[in-house]
Amino acid sequence: MASYSYLDLLALLGVGSAHPGGFGLTKELLQQLSPVPGSEVLDAGCGTGRTAIYLADAYGCRVTGIDQNQLMLEKAGKRALREGVALQLVQGDLEQLPFADGSFALALSESVLAFTDIQQSLQELHRVLRPGARLAVIEMAVERSLAPAETAEISAVYGAKRYMTEQDWRESFRLAGFTSVQTVGGGTILASMQQYQELPDWDLSPHIHPAVYNVWAQHEDIIRKYQQLLGHRVFICSK
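The numbering used here numbers the first residue of the sequence shown as 8 and each following residue consecutively.
Treat the hints as calculated values from the structure; they're not laboratory data.
It is possible that some hints are incorrect.
Said to hold, decoys possible - Quick list of simulated restraints, FRET-style, between CB atoms:
no.	residue 1	residue 2	range
1	213	181	42 to 52 Å
2	217	174	32 to 42 Å
3	43	213	15 to 25 Å
4	217	151	19 to 29 Å
Said to hold, decoys possible - No more than 30 Å apart at the CA atoms, straight line, and that leaves these computed lysine-lysine pairs for DSSO-like:
no.	residue 1	residue 2
5	232	168
6	34	246
7	232	34
8	168	34
9	34	85
10	246	168
From the three backbone atoms N, C-alpha and C, an ideal C-beta is built for every residue, glycine too.
Let's have the full structure, built from the sequences with the hints guiding it.
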């Protein structure tokens, strides 16, 4: 029987803004950041390219999107072509970024870091940012530390490396070398579902195996069960 992960699900369905708050929260964050036109921006874990293309189109940034998933990058490339937006797409690992030190004025990561070695990825993002540059992060957070049984049940669906509280995240940013860490938003899944309501942005692959939709059903079950324990936080960090 075919086996699919949560990340496989996102790639096959081509989910455009797979994080709490969705694209509405992304646009709010970008308004706060006010990226400089022409500045070099890294979308770390760009997925299907929705944010990267918006950054290039609405703000005039020179955007590089990196993702480990080839299918996601193919969908991002098609989206960019369809919308007439130029951006650089790179297949690569956040834990070993293929960029020189100090390459970017801004980096953005949306619900990606938790699926990596968080500390290693943060150190790499710190490395490729210029002095004074910023890292903006929308990430999954738990409202309290999870019990072992809760961790096991949630991990069976998402497979994230760690499930961190806001304080855990703040400490990780500091350990990676960031000098200023601001929490600028966040809340439970329940709160974000009530605040942000938008139509889904999907780019479906052909011939999706029924097992993929089983993963989606498991995801929905976890969201319902843990809607007041699972959540997100929005951080802006300075190098």
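Query raised in the report: Is the gap between the beta carbons of residue 217 and residue 151 within 19 to 29 Å?
Result: The hinted range 19 to 29 Å is violated for residue 217 and residue 151, with Cβ atoms some 36 Å apart.
**Report entry** residue 181 and residue 213 - C-beta distance against the hinted 42 to 52 Å
**Finding:** With a Cβ separation near 45 Å, residue 213 and residue 181 satisfy 42 to 52 Å, so the hint holds.
Query raised in the report: Regarding residue 217 and residue 174, is the given constraint of 32 to 42 Å on their beta-carbon distance met?
Result: For residue 174 against residue 217, whose Cβ atoms are near 41 Å apart, the range 32 to 42 Å holds.
**Report entry** Distance restraint between residue 246 and residue 168, which requires alpha-carbon spacing of 30 Å or less
**Finding:** holds (25 Å)
Query raised in the report: Taken at face value, is the distance from the CA of residue 34 to the CA of residue 232 at most 30 Å?
Result: holds (28 Å)
Requested in this report: Below or equal to 30 Å on CA atoms is what counts here, so check residue 168 against residue 34.
Outcome: Distance ~27 Å between residue 168 and residue 34 Cα, so the pair holds.
Report task. For the pair we were handed, residue 34 and residue 85, check the Cα-Cα distance against 30 Å. Result -> Distance ~22 Å between residue 34 and residue 85 Cα, so the pair holds.
**Report entry** residue 232 paired with residue 168 [C-alpha distance capped at 30 Å]
**Finding:** holds (20 Å)
Query raised in the report: Does the Cβ pair residue 43, residue 213 satisfy 15 to 25 Å?
Result: Once the Cβ atoms are compared, 40 Å apart, the range 15 to 25 Å for residue 213 and residue 43 is violated.
Report task. Given the hint that residue 34 pairs with residue 246, test it: the Cα-Cα distance must not exceed 30 Å. Result -> Judged against 30 Å, a Cα distance of about 23 Å means the pair holds.
Hints 3 and 4 from the list above are not met by this structure, while the remaining hints are.
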